[in-house]
Structure formats: C-alpha cells, structure tokens
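Got two chains here, separate frames each, mind docking them using the hints?
What follows is each chain in one-letter form.
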Amino acid sequence: MTAASGLAVDNTSKSRDFWAPLLKDAVLAALVAVLLALPLVGLQTYDIGGGALGIRTHFDWVAIAGAAVFGGRIALRMLQQLYRGRPRGRGRILPVLAARGGRPAMPITLAGLVCAAALPFLPFSSRYLIDLGTTVLIYVMLGWGLNVVVGLAGLLDLGYVAFYAVGAYTFALLARDLGFGFWEALPFSGLVAASFGIILGFPVLRLRGDYLAIVTLGFGEIIRVVLLNWASVTGGPNGISDIPRPSFFGLPFARSAPEGGTTFHQFFGVEFSPEHRVVFLYLVILAMALLTNAFTLRIRKLPIGRAWEALREDEVACRALGINPTTIKLSAFAIGAMFGGLAGSFFATRQGFISPESFTFIESATILAIVVLGGMGSQLGVVLAAILLVSLPEFGRAFAEFRMLIFGAAMVGVMVWRPRGLIAHREPTVRLGLQPAAR
Amino acid sequence: MAYFLQQLINGLTLGSIYGLIAIGYTMVYGIIGMINFAHGEIYMIGAFISIIAFLVLGLVGVTYIPLALATVLATTMLFTSIYGWAVERIAYRPLRGSFRLAPLISAIGMSIFLQNYVQIFQGARVKPMPPLIQGGLTVFESGGFTVRLSYLQLFIVLLTLGLMIGFTTLIATTPLGRAQRACEQDMRMAALLGVDVDRVISLTFVMGAALAAVAGLMVTLYYGVIDFFIGFLAGVKAFTAAVLGGIGSLPGAMLGGILIGLIEAFWSAYFSVEYKDVSVFVVLVLVLIFCPTGLLGRPEVEKV
Numbered sequence: 001m002t003a004a005s006g007l008a009v010d011n012t013s014k015s016r017d018f019w020a021p022l023l024k025d026a027v028l029a030a031l032v033a034v035l036l037a038l039p040l041v042g043l044q045t046y047d048i049g050g051g052a053l054g055i056r057t058h059f060d061w062v063a064i065a066g067a068a069v070f071g072g073r074i075a076l077r078m079l080q081q082l083y084r085g086r087p088r089g090r091g092r093i094l095p096v097l098a099a100r101g102g103r104p105a106m107p108i109t110l111a112g113l114v115c116a117a118a119l120p121f122l123p124f125s126s127r128y129l130i131d132l133g134t135t136v137l138i139y140v141m142l143g144w145g146l147n148v149v150v151g152l153a154g155l156l157d158l159g160y161v162a163f164y165a166v167g168a169y170t171f172a173l174l175a176r177d178l179g180f181g182f183w184e185a186l187p188f189s190g191l192v193a194a195s196f197g198i199i200l201g202f203p204v205l206r207l208r209g210d211y212l213a214i215v216t217l218g219f220g221e222i223i224r225v226v227l228l229n230w231a232s233v234t235g236g237p238n239g240i241s242d243i244p245r246p247s248f249f250g251l252p253f254a255r256s257a258p259e260g261g262t263t264f265h266q267f268f269g270v271e272f273s274p275e276h277r278v279v280f281l282y283l284v285i286l287a288m289a290l291l292t293n294a295f296t297l298r299i300r301k302l303p304i305g306r307a308w309e310a311l312r313e314d315e316v317a318c319r320a321l322g323i324n325p326t327t328i329k330l331s332a333f334a335i336g337a338m339f340g341g342l343a344g345s346f347f348a349t350r351q352g353f354i355s356p357e358s359f360t361f362i363e364s365a366t367i368l369a370i371v372v373l374g375g376m377g378s379q380l381g382v383v384l385a386a387i388l389l390v391s392l393p394e395f396g397r398a399f400a401e402f403r404m405l406i407f408g409a410a411m412v413g414v415m416v417w418r419p420r421g422l423i424a425h426r427e428p429t430v431r432l433g434l435q436p437a438a439r
Numbered sequence: 001m002a003y004f005l006q007q008l009i010n011g012l013t014l015g016s017i018y019g020l021i022a023i024g025y026t027m028v029y030g031i032i033g034m035i036n037f038a039h040g041e042i043y044m045i046g047a048f049i050s051i052i053a054f055l056v057l058g059l060v061g062v063t064y065i066p067l068a069l070a071t072v073l074a075t076t077m078l079f080t081s082i083y084g085w086a087v088e089r090i091a092y093r094p095l096r097g098s099f100r101l102a103p104l105i106s107a108i109g110m111s112i113f114l115q116n117y118v119q120i121f122q123g124a125r126v127k128p129m130p131p132l133i134q135g136g137l138t139v140f141e142s143g144g145f146t147v148r149l150s151y152l153q154l155f156i157v158l159l160t161l162g163l164m165i166g167f168t169t170l171i172a173t174t175p176l177g178r179a180q181r182a183c184e185q186d187m188r189m190a191a192l193l194g195v196d197v198d199r200v201i202s203l204t205f206v207m208g209a210a211l212a213a214v215a216g217l218m219v220t221l222y223y224g225v226i227d228f229f230i231g232f233l234a235g236v237k238a239f240t241a242a243v244l245g246g247i248g249s250l251p252g253a254m255l256g257g258i259l260i261g262l263i264e265a266f267w268s269a270y271f272s273v274e275y276k277d278v279s280v281f282v283v284l285v286l287v288l289i290f291c292p293t294g295l296l297g298r299p300e301v302e303k304v
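Quick mapping for you: the protein sequence lines, in order, are chains A and B.
Heads up: the first sequence at position 328 corresponds to 328 in the working numbering, and the numbers run straight through without jumps.
Heads up: the second sequence at position 145 corresponds to 145 in the working numbering, and the numbers run straight through without jumps.
The shape of chain B in the complex, shown without the other chains (with noise of 0.2 Å):
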C-alpha cells in the first residue's frame, strides 16, 4: 500500500511535466492540425536554458531560492518562446498550405537540427544540476517504508496546477483565446472575419513553448541530470499523452500527461524498468485503436 502511494505521488509529477509538454502538442495540432515533432526538443532547449539561468544567477550571486526560481522560470520561458516562435517562422509557415507530408518533414528536419545544434554548443556529456529544492513531507508510514511527498513534486504539482488555470483562463476568456478557438474550428472564415491568423498561429506555438520550458525547468530540477536528447522520447511521450486525451482538447492533454505519467511509474514499480518506454507505446496503439479520438475528443467526422 504504501509503496503503492509513493508510486502514485511519483507518477503524478511525471505526469504534470508530460501534461505540460502535450499541451503544446494538442494545441498546434487543433489549430494547423500538423504534429510539432520539434517539440521534444524545444522542452530540451528549454532544460538546457534553465540549467544556464541557474548558472548564471550563482555567479550573479543570487542565493535565496525562491528569488532564483523565479528568476529562472521567466528567463527560461522567454527565451525558450523565442526560439517557438522561430521553429513555426523557418520552418512551418512556409509551408502552410502545402501538401500534408510536407511540414512533417520539416519538423524531423528541425528536430535533427536542434538536437545537434545544442550538442555542439554545449556538449554531449550530461550536465549535472545539484538539488534546489530539498527536504520534504513524510506523508505515510507503515512496516519500515516511508512515503515521501518532496517539497519539489509538491512545487512541480502546484506549480502545473497554477499554470493550467491560468491557461484555461486564458483560452476562455481573453480576445486572444477567443481568436484561437475560432482559428480551430475554421481558420478561413476567422480570417475573413478579421482574426490575423499568422499571429495566432505563432502565439500558439510560443505558448506551447513557454509551456514546455516549464517543464524543462521542473525535468532539471526533478532528476537533476540533463542531455541533449532528452527531447525525443519525452516528445514522444507527451505525443501519446495528447493522443490519450483527446487531441485538441486541453484538459484532455494534462489528463492523458497524468495518465501517461502513472502508467509508467507503476509498469517500472511492478513491470520492469527496461520495458517502460514501450509501455508507453503499447498505451498509444492501443488507444488509437479502440478509441481513436481519445478519452476528452470530440469525434472526427470524415468529410467526403
């Protein structure tokens, strides 16, 4: 039981940091309907960025914590949505409208690019990121085993939590989300009525950015080691948690990140460690096949 519980805990926080990247897929897809495959790497850019933020405020001689993490979190997400925004501009505008394949490519292209883009620049090795946050909360204990809640999954958790009501806010509220909701449902039609389309588009692509810079930061913090391919299977990952939940469907990305998260910290706790990636495949066929449109989709209508 309790090793069941600390299992849960983990999986949660590795589910809010999946949440958090599927977003940035599910909203491209509902808007251009391409899958991002640069994703992946803009979360690594975005660890990467962190990992140099954090450096930089230790030279600077920043040192009360709440204060760096702050720091870091608004540097991280503003340079991480720069470096969206480019991907969309280079790579994929140019090829809106032309044939399906096409921008796909492009973003395979992009993916190869970026990763070795930061190998070169920064080195192959692993960058190590000494622990910030530690100490934590004993939740539960039963015969000898304890179950921990850090203070760093509470901080992941709550921090995930924060930004989701803030973004679902900010979609339904705000001009901004009401032009992109309407750019989902019919992009020629919001652009007839005055809605700029290209801007909308790059605004998606800086939020699912800005988005999953935080989960770069947090994936630092969490396992305290990072690496120029870490983008490709967490991309993957968080593809299949978008899938999970629904693609287009915003809660249904943070469910399915959630969902994606439990299912591989239980199949490595009860499973075996080596397999725990295919678990994750075997997830996404599966879904695919017996409920293509995921759990919070709305069903896709083939037009003739």
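Just chain A, with the same shape it has in the complex (with noise of 0.2 Å):
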C-alpha cells in the first residue's frame, strides 16, 4: 500500500522515493515470512519412541524463506513498476482467444484433434506419455461434464467426485455380481450417476452460491464415508479388485484367449504387446471426451442450454419469463452427473481396481479448478487447465512431495493474476440486439 502511493509521485525525487519505500516493503514482507516460518518450519517435531515428540530446530530454513521473500518482494515490485502504463495482455494468446468468444478458430482445433489422436501412434510417444494422455483426458472429461454444472448452469457443484465414484462404483458392482463388461455397464453407471444427481438436487435446489457449494460438498463426503463404511457390498476400505478391462467388440486384449474366444491380437494377426491395451484405452477415453464436448456445444444451442446459460445470469428475470428453474437446474444437474460417472465408469475399468480413496474431496477440488481456472464455460479451457494441472505435478516427479504443495500455490496465484481464468469467457452464447457489448 504505502510503496504504490509513493511511487505515484513525480519525477524529481523518484529514485529515492522508489527505492525507499519498496525497501520498507520488502523488509514487512520478509518479517512477516519469517514470523510464519519461525514455528512451523524452524521448529520441526519428530517421534522420540514411546509416543513422545522431540524438537528439532531448522533456523536457516527460516532465515532462507526471509531471504527468498525479500528478494522475491524487490523483484515483484520493479517488475510491476516496469509493467505499469502499459495495456495488460496484448497481443498475448491467452486474451486473443478470449476474444473470440473462447472459441478456437477451426485450424487450431482440428490441429488439436489431430494431435491428440496421433499422440499414441508418435515415434517418441511411450507408455508412460499414453498413460498420462489417459489421465489428463479422464480430467478433462470431468472437467466439461462439470463445466455443464457451474460454467453453464452457474451452480457451484463442490461434490462432483461422487458421481464419478457412483459411476465408478455401479459399473465395479455390475461386473462383480452380474457379469456385466465395460460396453454393457457404460449406459448404467451413466444412468444411476444421473439419478443420484436429481437425488442430489432436489433438496438443493432453494440454494444459492456457496450455501449450494457446501451442500453438495458434504454430498460427496456422505457418499464416500458410505462406500467406506458398508463394506458388504462395497467391500470398504479394501475396495473392489479385479474389474473386467474393455474389449474391442468382443475381442479381448489378453495373451491367451478364454475358452472358445478370440483375442485381439489373434484376431489381427499381430504380435502381442501389452501397449495394445493402453492405446485402445487412450482411444476410448479421447472418444468418450469428444462425445462430451460435442453434446455440451450442441445443447448450448438447444432450448434448455439457453435457459441454463439464462438461469446464470439471472433468475429473478427466468422465473418472470415463464422459465421453470427447478427442471432447468435438475437437467444441468443430471447431465453433469451423467458425465461424470461415465468417466468413473472408465477410471474403473482403466485402474481395474477402486477404493474410496480415490474419491476424496481433493479430487472435487481438482475437477473445479480445472474448470475455474481454465475459464468458466470455455471448452478449451478446461482442457489447457486439465494439462496444467495434471501433468505439471507429473513433470515435478523428482520432488514428489511438494506436488500438492504447488498444486495448491498454483490454484491461488493463477486465480490471482486472471480471476476469471486462463480463457476468460462467460459472454452468453446469445444476446438480444445486434452488437455484443464490449466488455
């Protein structure tokens, strides 16, 4: 505060009314820091045996963190002093693309596409980078299913992760008990997941901004403290082992064929590899996210994708135009839910085991960032946050435990430079009169 209003003084005594107060600033800063730091990182406890805790103490970490506060305050500083004046974002891609309403021009997405869909066939490409392509478009499916739900509909959804654990969990259940495979179990966990979400969201529905945000945010903690405590059909905390894996119509991938069948490889008259698995799945999942985001963009333009995008923008005047809110709110609700477990249904077979664990409210967290920070509404934003999300971590292998760390940092600084995410959009698809209005 006191630097930004001494900077703005005129010229004659200017070096000396920068640097002192930015001096002063980055001294606050750095105490601060170290006033932080002084218990939690400078005195670290550990186990003595026998249920006691001894203190070590780690001074120069918190003499460190000072110095990397007071350094990093200086630089911010001259770099907002060396940026100041000048039009924020232009020419960058970023709000180029914004521009446009969030939406690529087609060269970019076929170009997208292409890529996407030759990643497995690359001569560079690995098992480990088909792996986590799988991953990332697990996220990114999530993240327009969810995007339906909050970019659409503008209901804060913080309990998404139980669709895709209802999903997930139906189709173990299917197999388990019923014998049903992935293909026959898909439309079911679909189905059921979107149950729960009208299950969800009648009672829901009076609610508003945040109060909904809790709400469905102990829905997902009531679903799984369930999973985890009704071990006889769930099988708990131990999960449910042993999913059956998607074939190709019928054909499975497997070394030696079950009794009477075909495998994949046999059927081709190709050699056995183990990667055939992973690239079909890679293939499924690409589909099923293309799926997605096509239903999205098509019912952005249907009746109920407007009334939704209307509903967003003000209910008062929806309700005064003759627009039921609560069949408006449960469709986005269900059709979000149906996504989900979709892509639960998939996780499912794809890990061929699950637990309540990989359902936690982190996994929410995730899904809704990635929809946040990639922009609220925009497709293409989900699926740049979805990359930046999941694979940084990755790439941040070697120093795996600060993973959650920077994820964490990462969602608060990107909120802080863009607020409204990477592709900020939330221009309605349609307006009335001829010109959009500048924003």
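Be aware that one or more of the hints could be misleading.
[What the hints assert, rightly or not] Counterexamples of contact, computed for chain A against chain B with all Cβ distances above 12 Å:
1) D17
2) F18
3) V32
4) L110
5) L122
6) E184
7) L191
8) N229
9) S247
10) L286
11) G322
12) N324
13) S364
14) F402
[Unchecked claim] Calculated cross-link-like contacts (lysine to any residue; reagent style SDA-like; alpha-carbon spacing at most 25 Å):
15) K24/A to R199/B
16) K276/B to I362/A
17) K276/B to F229/B
18) K276/B to P203/A
None of these hints come from the bench; they were simulated from the model.
Cβ atoms here follow ideal geometry from the backbone N, Cα and C, with glycine treated the same way.
Here is the structure:
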C-alpha cells in the first residue's frame, strides 16, 4: 500500500521515492515470512519413541524463507513498475482467444484433435506418455461434465467426485455381481449417476451460491463415507478389485484367449503387446471426452442450454419469463452427473481396482479448479487447465512431496493473476440486439 | 440417564471447540460474504503451534501448568493470527471485487497449500500430546456408571465462555467493533464515512484466526493427538455450525457449534460412530432446506 502511493510522486526525487518504500515493504514482507516460518518450519517435531515428541531446530530454513521473500518482493515490485502503464495482455495468445468468445479458430481445433488422436502412434510416444494422456483426458472429460453444471448453469458443485464414484462403483458392482462387461455397464453407470444427480438436486435447488457449494461438498463426503463403511456391498476400505477390462467389439486384450474366444492380437494377426490395451484405453477416453464436448456444444444451442445460461445470468428474470428453474437446474445436475458417471466407469475399467480413497474431496477440488482455472464455460480452457494441473505435477516428480503444495499454490496464483480463468469467457451464447456489448 | 448426562458433557465440550471455529466463518462471511475455506487449516495450524509451544516450554523447563497454559495460549494466538492475516493478504485481498467463485477457488487452493505445507515440514504422522490437565469431578453416580466432568472439560467450557464474553463486548462497545458492524451492513458506505475497510477486514481475519487457534489448543489437549488433516472435517463442521446458527450472527455461531457438538456426541453414543460425520451433513442439508437463515440469522431479502 505505502509503496504504491510512494510511486506516484513526481520525477525529481523519483529514485529515492522508489527505493525507500520498496525496501521498507520488502523488509516488512520478509519479517512476516520469518514470523510465519518460525514455529512451523524453524521448529520441527519428530518422534523420539515411546509416544513422545522431540523438537529439532531449522533456523537456517527460516532465514532462507525470509531472504527469499525479501528478494521476491523486490523483484515483484520492480516488475510491476516495469509493466505499469502498459496495456495489459496485448498480443498474448490467451486474451486473443478470449476475445473470440473462447472458441478457437477451426484450424487450431483440428490441429489439436489430430495431435490428440495421433499421440499414441507418434515415434517418441512411450507407454508413460500415453498413460499420462489418458489421465489428462479423464480430467478433461470430468471438467467438461462439470462445466455443464458450473460453467453453463452457474451452480457451484464441490462434490462432483460423488458422481464419478457412483459411476465407478456402479460398473464395478455390475461386473462383480452380474458379470457385466465395460460396454454393457456404461449406460447404466451414466443412468445411475444421473439419478444421483437428481437426488442431490432436489434438496439443494433452493440454495444459492456458497451454500450450494457446501451442501454438495457434504454430499460428496456422505457418498465417500457410505462407500467406506458399507463393507458388505462396496468392500469398504479394501475396495473392489478385478474389474474387467474393456474389449474391442468383444475381442479382449489378453495374451491368451478365454476358452472358445479370440483375442485382439489373434484376430488381427499381430504380435501380442501389452501396449495395445493402453492405446485402446487412450482412444476410448478420447472418444468419450469428445462426445461430451460435442454434446455440450450442441445442447448450448437447444432451448435447455439457453435456459441454463439465462438462469446463470439472472434467476429472477428467468422466473418472470416463465422458465421453471427447478427442472432446468435438475437437468443440469443430471447431465453433469451423467458425464461424471461415465468417466468414473472408465476410471474403474482402466484401474481394474477402485476404493473410496480415489474419491476424496481433493478430486472434486481438482476438477473444479480445472473448470475455473480454464475459464468457466470455456471448453478449450478446460483442456488447457487439465493439461496444466495434471501434467505439471508429473514433471515435478523429482520433488514429489511438494506436488500438492505446488498444486495449491498454483490455484491461488492463477486466481490472483487471472481471476476469470485462463480463457475468460462468460458471454451468453446469444444476446438480444445486434452488437454484443464490449467487455 | 447417567449415560445421557455424560454425553451431554462431552457434547458441550466438543461444541465449544466447534463454536470457536464457527465464529471465524461467520464473521468473515458477514463482512465479505465468502466462505473462508482455509479457516479449518488455520485451526489445524493453531493445534500444531500449540503442541510445538508446549514442547519448547518443556525444553526451557517451565513446569508450572497454569503458567505454561497461559504462555502457550498467548503464543498460539499470536502466531496463528499472523497466518490468518497472511492468508487474507495473499489469497483474498487481490481478489476482492472479483467475481464470486474466484475467492472460493483461491481459498480451496490455500487450504490445500497449508495442509501440505504442514505435512512437509512437520511430518505426516500423528502428533501425540501427553495429557496435561488430569483429574476431574464426579458429578453423579448411578448403577455403576459415573458421570465425570474432567478439569480439562471444565477448562475448555469456561475458557470458551470467557472468550465469548470478551468478544461480544469487543464487537458491541469498541470503535473497532463498531467499524466492523458498519462494514457488515454496507462496506462502501462505511468506506465513504472514513472507515478503513481493508484494516477492518484484516482484523476480522486476525480475530477469527486467534479464536481458531484457541480451538486448536483445546483439541490438542482434549484428544491428545493431532495430524495435518484435522482441519478439513473440523472446518466443514464448524461451517455447518455457523449456518445452523444463522450465518453472520455471533451468538448464532456459538449456539450452532454447541448444537453440532451435541448432535455428534449423541449420534455416536446412540447410533453409530462410523456415520457420525454424515449426521452433521444431514443436519446441514435439513437446516438449509427448512430454515435457510438459521436459528438466529436475519432473513435475507433478494434484491432485483
């Protein structure tokens, strides 16, 4: 604060007026950092056996933290000084995309699609890369599904992982108890998840904003606690294992076929390779994600999609115009939940094993972060954010324990840097009048 | 009957702790209308700082328990307040006036960050704390079942009561409390009339954090074990308490906290321990459906 007002003085004493408040500000920031670090970083508790704790000192770390904040603060201020007065974001790619309404030009979309589809067949792609791509695509699909609820209908859902879990467990239970395969169970997973969406939707329809967020969070936790404790059905904390893998039109990906059957590699007369299944899974989730995207883009243009966006903008006006908020909100919940359930079903078949541990709040937070960081309502933003959030920690495997720390800091950082997400786009798809209002 | 009475005492103790955390939620929500999602982590940090302070005092050689308690209380409140202040300054202030979801996402990010920060620097294992205040009073005895009120429970309830009285006085009579109430009613008008809104909001976070720190200290003493993950569930329960009591209302937060504590104690005593966390969420949903303004809250008028 003080530094900022000091910067606005005339030129004569400019350099002094620049440096003095800057240093004061940096010293204060460093002091706060030292005070913050002193108890939790400087004094480390550790077990000394017999249920007792000892304490180690790490005052050097505290000093490093203070110095880092001091230097960082000065650097930040100087950067701000450097960029002051310049128009923000000119010539950068993200605002350009945002200005186009979040929809990239056709060539970009096509290029992205071709890259995604060709990834498994590129010469440098490894099994690890395809696995990573599959994980990213699961999150892209979840992000697109949640985007229906949060981005289009404007309903904040912090318990989206519940539907993901419902889908996964529906498939796992159908497979275990009734012998269903992945493809037969897929529609059921979607249906059951959608019904759960409606069940959740009913009680929370009257709520707005933050209350809705907390109730959905509670719903997510309820599902998880039930999965954890209803051991006779869900296997409790041990989860369900031996979930069947998907087959290629009835041809399993296995080294040797079950009795009387043919495997994929036998049918096509190729050498058996465990990579076939990995590539197949990748292509399946790519197709599922693209289907989600196509569905969302289409439904936006239907009356129901228009109603979602209208509801997001102004609920009272919607009611005045004869839109029934209850059915509209329920449909958004149900459709969002359905995509969550389908993705969950895929997750179960990919992992072959599920347990309540995969469906914690942190997953909901990640999916929501993908939607919001990407820019709510923007389909491309979801992809960018999913790649960023899922693959960034992978590259930082060297310091794996700092993964979630960086994740949390990145969430705060991106929000502070671009509060409306990477590709900010919240324009209604249609608007009365010819000229869209400039933002 | 004796069993019932015992659960009542346990529930009240637990409820005091929830109530203290709930005040932080309710005050922040009252002023800037956001759920401070990282508040549960502030409470967790308070618990850790208190355990570290006890250890340091033990090393220094302070053995007189009241002195140790007072020192730990003061240091925990001080250092945790700095955390509360820093969280607001880093994650929320730059986003003020931004669209509704931005501070919430930022708060979730902050919460993940703080959890992992503590996990990395203090370890993921549970931290045990030897019982400090032992002994208690036998309130009632019947049929071989003794109802006990331990000194610790007494300490927790009395300290909460004292803090509440002091806090209510602070809000009701001091210039700071007046500024706070003014900001709650109309932030822009308060700013026009010379209230330093930024300072008031900062102080609100500091006060909320200080009370959460006390709750953290209490839980350290009461349960004797803490870990880096306790903040999430306690935070959600305390938020439920704040909603139950009527968000924005201080007595409401305390009342809600005690009710949640009682519900949890009785649910685990008479139904099932596994589903005790579910009971709290069920209460939350029911309150929001049938009585969205809470018990002591003001009805919200929807403006077009």
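>> Of all the hints numbered above, which does this structure not satisfy? Sort the numbers upward.
In response: 3, 8, 13, 14
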